[in-house]
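Protein chains in written order, with numbering that gives the first Met the number 0: chain A, 0 to 339; chain B, 0 to 331.
For the record, the hints were derived by calculation from the structure and aren't laboratory data.
Every residue gets a Cβ at the ideal spot worked out from N, C-alpha and C, and that includes glycine.
Each hint should be verified, as a subset may be incorrect.
Stated by the list, open to error - To give a feel for the contact side, a few chain B residues facing chain A, derived at Cβ under 7 Å:
{"no.": "1", "residue": "W111"}
{"no.": "2", "residue": "D223"}
{"no.": "3", "residue": "S226"}
{"no.": "4", "residue": "G232"}
{"no.": "5", "residue": "A233"}
{"no.": "6", "residue": "L244"}
{"no.": "7", "residue": "P245"}
To be verified - Facing chain A, from chain B, some residues (calculated, C-beta under 10 Å):
{"no.": "8", "residue": "A227"}
{"no.": "9", "residue": "R229"}
{"no.": "10", "residue": "R237"}
{"no.": "11", "residue": "H242"}
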Amino acid sequence: MAPTAEAVLEIRDLVKHFPLTQGIVFKKQVGAVKAVDGVSFDLYRGETLGVVGESGCGKSTLAKLLMVLERPTAGSVHYKGQDIYKLRGKDFKAMRRNVQIILQDPYTSLNPRMTVADIVGEPFDIHPEVAPKGDRRRKVQELLEVVGLNPEHINRYPHQFSGGQRQRIGIARGLALRPEVIICDEPVSALDVSVQAQVINLLEGLQNEFNLSYIFIAHDLSVVRHIADRVAVMYLGSLVEIGTDQQIYETPTHPYTQALLSAVPVPNPVGRGERERILLSGDVPSPADPPSGCRFRTRCFKAADKCAREVPLLEVRPGSPHPSACHFAEIKPVVDTVDA
Amino acid sequence: MTDYRATQERDRGQAPGAVSPAPGTGGTDASAVTPGVTTYPAAIAGGEVGGRPSSLASDAWADLRRKPLFWLSASFILLMAVVAIRPQLFTGQDPYECDLLNSVKRPSSGHWFGYDIQGCDYYTRVIYGARPSISIGILVTIMSVIIALVLGALAGYYGGWVDTLVSRSADIFLGIPFLLGAIVFLNAFERRGVWVVALALTVLGWMTLARLMRSSVIQARDMDYVSAARALGASDTRILVRHILPNAVTPLIVYATVTIGIIISAEATLSFLNVGLQLPSISWGLQIQDAQFRFESDPHLLLFPSLFLSLTVLSFMVLGDVVRDAFDPKLR
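One chain only, chain A, in its complex shape (with noise of 0.2 Å):
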C-alpha cells in the first residue's frame, strides 16, 4: 500500500547515553555510551521503514526507546502530537495500545508457563475495555486465524510449536491491541532462511489488512530490501543515510551504505568479478568515545580534514538527492546487488 503523508510517529534528536561509573560507594561517572545519539525522523502511516546497522550500532535500544521500555537521555518522540515520554497514567496507557513490538528471539519472548489462550489473550486482560471477558476467548482464537495458526491449538504451551509458529504467537499477541504501529526488533533473524519468507509475507499482507506502519529492524539487507518502502542506514549510534528503497539501494550516497551494499554477496555467478567490493578496515569505534567530526571518518575510504572538524548533518546534498550525512555524498554506481 502507498504510504500517505500522514506521520504517525515524530522522532527529534532522540539521545540514549547509558553512564559508566566508577566507585562502589561513591559512584562518579567518568563516561558514556552512546547507544544512541541524535536520531530524527518520521514514520507516516501504513508505511514500512527499515532501519539497518551492524551489531552495536544502537538499533535495539532504539527500539526500546520508542517502546518506552527506556527512557530517553534527550529528545522527544510525538505520536498523534504528544510526546510519548511525557504520557501518564490513562494516556500513556492509551498509546502503549497503538504503539506494539514484535521481539526478535521467539525462544525468549514468550512466557514458558502459559498456554496460548495466555499470551495472546493477555492484552485483553490489561486493557479490558478492548474486549469484553466472555468474548475473549473466541477473540484469541481469531487471532491465531490471522497469523496463520490453528485456533484449535489455544490450550498449548509455546514449547510444543516451532520457532516459525511462535514468532507467529508473538505477532499475534502484538495485533491483539489493533496497534497502529509495530516495532519489528529484528522479527525474522531468528528464524530460518524458509520460515523468514512466511514470516515476512504474513507481516505484509496484515499491513495491507489493516493499514499498520512497521520500524522493521533488521542486520539482513535483503530481508529490508523485500518488506520496506523507506530504508534509514544507521551507524555508531546516528542516521547515515535515509530514503525510499529505490535510492538507498540502487543510487546510495553515503559511503558507509556503499560499503555495506557492496558486502552483500551476489547470486548470480556472471557479474560477480566485474563487482567492485569496498573493503572497510579497522573495527567500528567505541560508543563511549565516538571520533569527532563524521562518526565514520576513521574507517571511511574520502575522508578528509573537514570531516574531523564538522558533523555532517543528514540533509540533502548537491550530490544526493536523499538526505545523507557526508560532506562528500555522491551516487557511485558500484552496487547492483540483490535480486534487482
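Using the hints, position chain B against chain A.
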C-alpha cells in the same frame, strides 16, 4: 477473520473496505503465503484439548494424578499429618504413663516398638513425637518461604537500594554463627515451646532461600517475555505475579522441601544442646539424642524415631520433586 478486520476499521473511523485493497484480499494473502503451516506434525497433536480452557494449575494436577510417586509421598505425608494432629487415633495409651520396671524392654507382640529407658511405651512416644518435629519443620519452612518470596522478589525485581538493603541484611544474618545465635536467642526464653524454637530457626535460616529467590528473579526479570508484557502496558504487580514468580519459584520450591528435612534435624540438634524443646516435651529429635549412646545395647531406641524421621523427610523431598516437574510444562 472478516469480523476482526471490520471492527478494526470501525475503530479507526473508516468505512469498511475504504483502505483495504479488496475485501478478503488480505485474508487470502495471509493464508496463501503459509502453505504447510496449518498442517501440524502428528507428534505434537497428541495433547489436543480442543475447546476446554486449561491453566497451568489444572494441567499440573492432571499430570500429578498419573504419578505413583506423588500418591506414595502425598499419602505418607497425609498420614503423618493426621498422626501429628490427632495422635490419640493411633494409640490408646498415654505417652506419660511409664513404669520403670519396663525400662528398655525389647519389642514384643503387645508393644511393637518396645519400651524406652523410662519404661514408657515407645510406640506411643514415637507417635506423639511426630507433632513437634513436623510442625517445627513446616512452620519454619512456611515462614522462611514467605520472607524469601517477598524480600527476594522485591530485591531482584527493583534492584538498587532495595536490593542493597535486603542483600546486606542477609549477609549480616549469615554472619551470625548458627549455633551461637540459636543458643543466645533461645536462652532468652525460659519456656521454649514449638513456636519459640520455630521463630529462632526462621530468624537464623531465611537467608539462603531469600538469596536463591533473588537470583532466580533477576534471571527471569531480563527475559524477553517480561519486556513484551511491559510493552503491552502491564503493571509491576502483574509482571511480578504472572510472569516472574511462576518462572522463578521452582528452585525455591525444591529447596524448601529440602529445608523441611534440615529444620527437623536442626531441631534435634538444638534439643540435644538443651536449648531446643525441653523435657517433658516429646519429639523425634529428643528421642534420637537420647538413644545415641545406647545404640549397641538397645538399637530399637534409635531405629524407630530415625525411621519415621527419614521417611517423613524423604516424602517431603519426593513430593517437592514431582510437584516441580508437574509445574514445568517443558518436562511434560
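Check the structure against each numbered hint from earlier and tell me which ones fail, lowest number first.
1 and 6
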